[in-house]
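Colleague: As given, the protein sequences belong to chains Z, C and U, one line each in that order. Be aware that the first sequence starts at 183, since it is given in this note's numbering, and climbs by one per residue. Be aware that the second sequence starts at 265, since it is given in this note's numbering, and climbs by one per residue. Be aware that the third sequence starts at 77, since it is given in this note's numbering, and climbs by one per residue.
These are computed hints drawn from the structure, not numbers from a lab. The structure presented is a predicted model; accordingly, all values stated were derived computationally and were not measured. Be aware that one or more of the hints could be misleading.
[What the hints assert, rightly or not] Here are the computed lysine-lysine pairs in the DSSO-like style, where the Cα-Cα straight-line distance is at most 30 Å:
{"id": "1", "chain 1": "C", "residue 1": "449", "chain 2": "C", "residue 2": "571"}
{"id": "2", "chain 1": "U", "residue 1": "265", "chain 2": "U", "residue 2": "315"}
{"id": "3", "chain 1": "U", "residue 1": "265", "chain 2": "Z", "residue 2": "310"}
{"id": "4", "chain 1": "Z", "residue 1": "359", "chain 2": "Z", "residue 2": "310"}
{"id": "5", "chain 1": "C", "residue 1": "475", "chain 2": "C", "residue 2": "485"}
{"id": "6", "chain 1": "Z", "residue 1": "335", "chain 2": "U", "residue 2": "265"}
{"id": "7", "chain 1": "C", "residue 1": "475", "chain 2": "U", "residue 2": "315"}
{"id": "8", "chain 1": "Z", "residue 1": "335", "chain 2": "Z", "residue 2": "359"}
{"id": "9", "chain 1": "C", "residue 1": "475", "chain 2": "U", "residue 2": "265"}
{"id": "10", "chain 1": "C", "residue 1": "449", "chain 2": "C", "residue 2": "485"}
{"id": "11", "chain 1": "U", "residue 1": "315", "chain 2": "C", "residue 2": "485"}
{"id": "12", "chain 1": "Z", "residue 1": "310", "chain 2": "Z", "residue 2": "335"}
{"id": "13", "chain 1": "U", "residue 1": "265", "chain 2": "C", "residue 2": "485"}
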Amino acid sequence: MTFLVAEEMTGGYGNGPDILHACTIAVDRGEIAVIVGPNGAGKSTAMKAVFGMLPLRSGRVLLDGRDITTLSPQERVHAGMGFVPQVANVFVSMTVEENLEMGAYIRDDDFSGTMEQVFALFPILRQKRRQPAGELSGGQRQQVAVGRALMTKPTLLMLDEPTAGVSPIVMDELFDKILEVAATGIAILMVEQNARQALNIADHGYVLVQGRNRYTDTGEALLADPEVRRTFLGG
Amino acid sequence: MSPGLSLRTRGILLYLAMAALLLGVGFVQSWTVALTILNLCLISAVMSLGVNMQWGYAGLFNAGIMGFAALGGIGVVLTSMPPVRGALAAGGVNLGLAALFVILTVVAALVVRRRVPSYLRGPVGLLVVLAGYFLMRIFLDPASEAIEAIDPASAGYLGGLNLPVLLGWLVGGVFAAGAAWLVGKVSLGLRSDYLAIATLGIAEIILAILKNENWLTRGVKNVTGLPRPIPVERDLQTMPWIADLASRFGSDVITTAGIVSRLAYALLFTIVLLLILWLAERALHSPWGRMMRAIRDNRDAAEAMGKDVTRRHLHVFVLGSAVVGIAGAMLVTLDGQFTPGSYNPLRYTFLIWVMVIVGGSGNNWGAVLGGFLIWYVWVMAEPFGSSIMSTLTAGMTPGSFWQQHLVAAGPHIRFLLMGLILLLVLRFAPQGLIPERSARK
Amino acid sequence: MENLLNAFVLLSNFVLVPAIAYGSQLALGALGVTLIYAVLRFSNFAHGDLMALGTTAVILATWGLQAAGIGLGVLPTALLALPVGILAAAVLVLLTDRWVYRFYRRQRSDPVIFVIASVGVMFIYNALTRFVIGTDERRFEDGARFVIRAGDFREMTGLAEGLAIRTSQVITVVVMLVSVAFVFWFLQKTRTGKAMRAYSDNEDLALLSGINPDRVVLITWIIAAALATIAGTLYGLDKSFRPFTYFQLLLPIFAAAIVGGVGQPLGAIVGGFIIAFSEVMVTYAYKGFLGYLLPEAWQPEGLVQMLGTDYKFAVSFIILVVVLLVRPTGIFRGRVI
Numbered sequence: 183m184t185f186l187v188a189e190e191m192t193g194g195y196g197n198g199p200d201i202l203h204a205c206t207i208a209v210d211r212g213e214i215a216v217i218v219g220p221n222g223a224g225k226s227t228a229m230k231a232v233f234g235m236l237p238l239r240s241g242r243v244l245l246d247g248r249d250i251t252t253l254s255p256q257e258r259v260h261a262g263m264g265f266v267p268q269v270a271n272v273f274v275s276m277t278v279e280e281n282l283e284m285g286a287y288i289r290d291d292d293f294s295g296t297m298e299q300v301f302a303l304f305p306i307l308r309q310k311r312r313q314p315a316g317e318l319s320g321g322q323r324q325q326v327a328v329g330r331a332l333m334t335k336p337t338l339l340m341l342d343e344p345t346a347g348v349s350p351i352v353m354d355e356l357f358d359k360i361l362e363v364a365a366t367g368i369a370i371l372m373v374e375q376n377a378r379q380a381l382n383i384a385d386h387g388y389v390l391v392q393g394r395n396r397y398t399d400t401g402e403a404l405l406a407d408p409e410v411r412r413t414f415l416g417g
Numbered sequence: 265m266s267p268g269l270s271l272r273t274r275g276i277l278l279y280l281a282m283a284a285l286l287l288g289v290g291f292v293q294s295w296t297v298a299l300t301i302l303n304l305c306l307i308s309a310v311m312s313l314g315v316n317m318q319w320g321y322a323g324l325f326n327a328g329i330m331g332f333a334a335l336g337g338i339g340v341v342l343t344s345m346p347p348v349r350g351a352l353a354a355g356g357v358n359l360g361l362a363a364l365f366v367i368l369t370v371v372a373a374l375v376v377r378r379r380v381p382s383y384l385r386g387p388v389g390l391l392v393v394l395a396g397y398f399l400m401r402i403f404l405d406p407a408s409e410a411i412e413a414i415d416p417a418s419a420g421y422l423g424g425l426n427l428p429v430l431l432g433w434l435v436g437g438v439f440a441a442g443a444a445w446l447v448g449k450v451s452l453g454l455r456s457d458y459l460a461i462a463t464l465g466i467a468e469i470i471l472a473i474l475k476n477e478n479w480l481t482r483g484v485k486n487v488t489g490l491p492r493p494i495p496v497e498r499d500l501q502t503m504p505w506i507a508d509l510a511s512r513f514g515s516d517v518i519t520t521a522g523i524v525s526r527l528a529y530a531l532l533f534t535i536v537l538l539l540i541l542w543l544a545e546r547a548l549h550s551p552w553g554r555m556m557r558a559i560r561d562n563r564d565a566a567e568a569m570g571k572d573v574t575r576r577h578l579h580v581f582v583l584g585s586a587v588v589g590i591a592g593a594m595l596v597t598l599d600g601q602f603t604p605g606s607y608n609p610l611r612y613t614f615l616i617w618v619m620v621i622v623g624g625s626g627n628n629w630g631a632v633l634g635g636f637l638i639w640y641v642w643v644m645a646e647p648f649g650s651s652i653m654s655t656l657t658a659g660m661t662p663g664s665f666w667q668q669h670l671v672a673a674g675p676h677i678r679f680l681l682m683g684l685i686l687l688l689v690l691r692f693a694p695q696g697l698i699p700e701r702s703a704r705k
Numbered sequence: 077m078e079n080l081l082n083a084f085v086l087l088s089n090f091v092l093v094p095a096i097a098y099g100s101q102l103a104l105g106a107l108g109v110t111l112i113y114a115v116l117r118f119s120n121f122a123h124g125d126l127m128a129l130g131t132t133a134v135i136l137a138t139w140g141l142q143a144a145g146i147g148l149g150v151l152p153t154a155l156l157a158l159p160v161g162i163l164a165a166a167v168l169v170l171l172t173d174r175w176v177y178r179f180y181r182r183q184r185s186d187p188v189i190f191v192i193a194s195v196g197v198m199f200i201y202n203a204l205t206r207f208v209i210g211t212d213e214r215r216f217e218d219g220a221r222f223v224i225r226a227g228d229f230r231e232m233t234g235l236a237e238g239l240a241i242r243t244s245q246v247i248t249v250v251v252m253l254v255s256v257a258f259v260f261w262f263l264q265k266t267r268t269g270k271a272m273r274a275y276s277d278n279e280d281l282a283l284l285s286g287i288n289p290d291r292v293v294l295i296t297w298i299i300a301a302a303l304a305t306i307a308g309t310l311y312g313l314d315k316s317f318r319p320f321t322y323f324q325l326l327l328p329i330f331a332a333a334i335v336g337g338v339g340q341p342l343g344a345i346v347g348g349f350i351i352a353f354s355e356v357m358v359t360y361a362y363k364g365f366l367g368y369l370l371p372e373a374w375q376p377e378g379l380v381q382m383l384g385t386d387y388k389f390a391v392s393f394i395i396l397v398v399v400l401l402v403r404p405t406g407i408f409r410g411r412v413i
């Protein structure tokens, strides 16, 4: 059975119209799933629904076989989900090290080992550990944001457009890091604007259009699909 | 029933209830007391209207109402009191020179702001202001000393211009508007609580000036015997038609004169209140008023449409403060004296806030009702609190610690009551007694 | 040379020492205001009255201790009574938060609604203070009044000018240093303190990280109540306790917080001292001081005082206005909007 299964999710904000229509997303441990699609397709909304920030009218979310549909986002963090928001994803006035500590806030055990792992993954953060996160460059901030989410030792890491606003070089670097994270056995679910590059590293791709699953396949297959290429990847 | 109609019915019922409360005082206590309360209700209503313009129309928090009201008071003094003989001769020239230096300093500071490169602006500006200040003091100090030396027991200040007292009300409004313009210019457009803190400060300073610049205001020695727009009671008592009226109602001359004088004030105040209310309502329902409310409800959208929000806020802040100033002027006229020592923020700033919130933010009729009701409760709560405490402690040993303590606490109950009323209304009826018609969420 | 020393002693006696003590009191008050701002995001107009109420509790406890014959010898008994006052103030603010502010927090109301609510709370605290202790001036200082008396100082040094340092001034500075050190240690080093900073920095991310907002708010109120009580007690020991003056302290305290940068703890401390020193220096008459320094012919005639002491609030206000005009974020770049 797949590690994360979000089945047939339907729902919208407040009393507004449904944004998601029977949308299904799944990802296994050690794999990367990417949600792509045109603007307004409900990509971020789908991820928020997985994280419990959007009430579902129908459908369910299973994590490692456990039904977590009714849990709040905070409870889902305890259940093993890590979430990296697109913006305002670090504590700007706090040092890198403190940001990581805050990531581990819910842990009562010794988390120095996890912090070592994060520093091993992002060596630049070790150098800048005493600097306020607000003084770092965009790419470094994203590393802090990912690092913060990793501090809870999540089994599923969700990234909302991690490469928004960073240069192509930094983007490649970040994608490499994300592959490394996945290699440690964490399931990764990611929303990406840079669809082509993201699908390159993805095991599974979900193309959403207007809150519905349009194409679902491996990243490779989607990249090879002429229809997908023509409609969503710009040829 | 359509909501508009029910709102109107509700408003009428509430006003009738308020009238019944006041009439009740007339029947139970005395008509003199009822009219005294009514007059202060009317003044409170004007003040409340002014604050409602700022808060209800624009969402501005003014924590310095006391200062603007006090400026209204000094407006009356400087307009209507007779000039003190010899005061101008004693200090006039020096005073003029001091004023000249104030103007020169302001001009110099503006030049510095425009012309001096930014890295020098701070120090140079400071130097200019300090130099101007000391030059001004060179002339002001002897002037104030000379003026205060003139007959200090009864005068010792400049006096006024001997103009009609009603003109003083307008001058009071203008003074308050001027101070509001200065504060607004500095603090509007910044964080919302900066205005609150800046107004809190300007009020303290205005009071400090009024208390200490004796040459201008007589300070804590107070200015008494302000001219009255209506014949004084003592004169009324000698008038034949008062005696006639008294005999017709089977009352004595003194009471009748008191009632007639109070009625005359009530009439005068009502005219002012209705005039301001009419103007405020016109303004609220004009395109200007709609724009103000649009800004209040969605500042970002209004800004995106190219409205200069800060400027509009400055307008409404100045207008509201002017109304408060007029109310402050009416107050000293009613008292017949200007007593800078009597202004305190709980009574003159925060009590007005209770009026506006309870009455209904954004609704002028609500603000007026709030002014009436809260003033009534405020006045009645003091004796009421005392009588509750003496009833409560009736069983205790007279003179025992707790009995004395509780009786002494009686008059303070009204502060508790005001706090509770404000918090309860804010929580359970944030729209107030008479909600704004197109109520915001 | 002796003139120079005399001038310095004179300045110390009337400017430096009083301003340091007053600055410490303002700093503690401003620290409380700024912490409430950082976490709860509103300017607490009830802070002055909270200070008065906390001090009231301290005074009552002091009287109790005095009646029981318990004291600290040369130190004021009020120090022993402080924990009682802090406890009373903490219970009070927690009840207030439970009954008043929590509702608006859940509603995510506009900051100005919180400010208006704090005005209601101010009325109630004010009434409570009046009920409990009345409106009269109270002195509750006991123990040794002076560390150094002006006369003793003159004898010791042979200078014409004396330097008096009161016990309450020394205590004020020591207690301020201890309290501020504790708050900074708490904010920088403890898990809960860091959680407070995180919550202040980015509420949503703090929630995502599993930080419990109710706990952060609770701790903030307790610290603010403690700081308010300490500041109020020190002020009362140093000057005297009159409930109404505590409301007036609100202006210099707010000014201190804004000058330092709203929401910045270090800024509140610096701001407190800036305001206190400006206030004391601007309202001090320099006639005697200049008398020592200037040659006979240049002796000033007047008092050489920039502003009368009645205008001390004007100083806070002018500094406030200058900061708003020049650098609205304050020295340490606090929050704007």
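Colleague: Please go over all the hints and tell whether each is borne out by the structure.
Modeller: Verification of the supplied hints:
no. : hint          : in the structure
1   : C:449 x C:571 : holds, 17 Å
2   : U:265 x U:315 : violated, 35 Å
3   : U:265 x Z:310 : holds, 19 Å
4   : Z:359 x Z:310 : holds, 18 Å
5   : C:475 x C:485 : holds, 9 Å
6   : Z:335 x U:265 : holds, 23 Å
7   : C:475 x U:315 : holds, 22 Å
8   : Z:335 x Z:359 : holds, 16 Å
9   : C:475 x U:265 : violated, 49 Å
10  : C:449 x C:485 : violated, 33 Å
11  : U:315 x C:485 : holds, 26 Å
12  : Z:310 x Z:335 : holds, 22 Å
13  : U:265 x C:485 : violated, 56 Å
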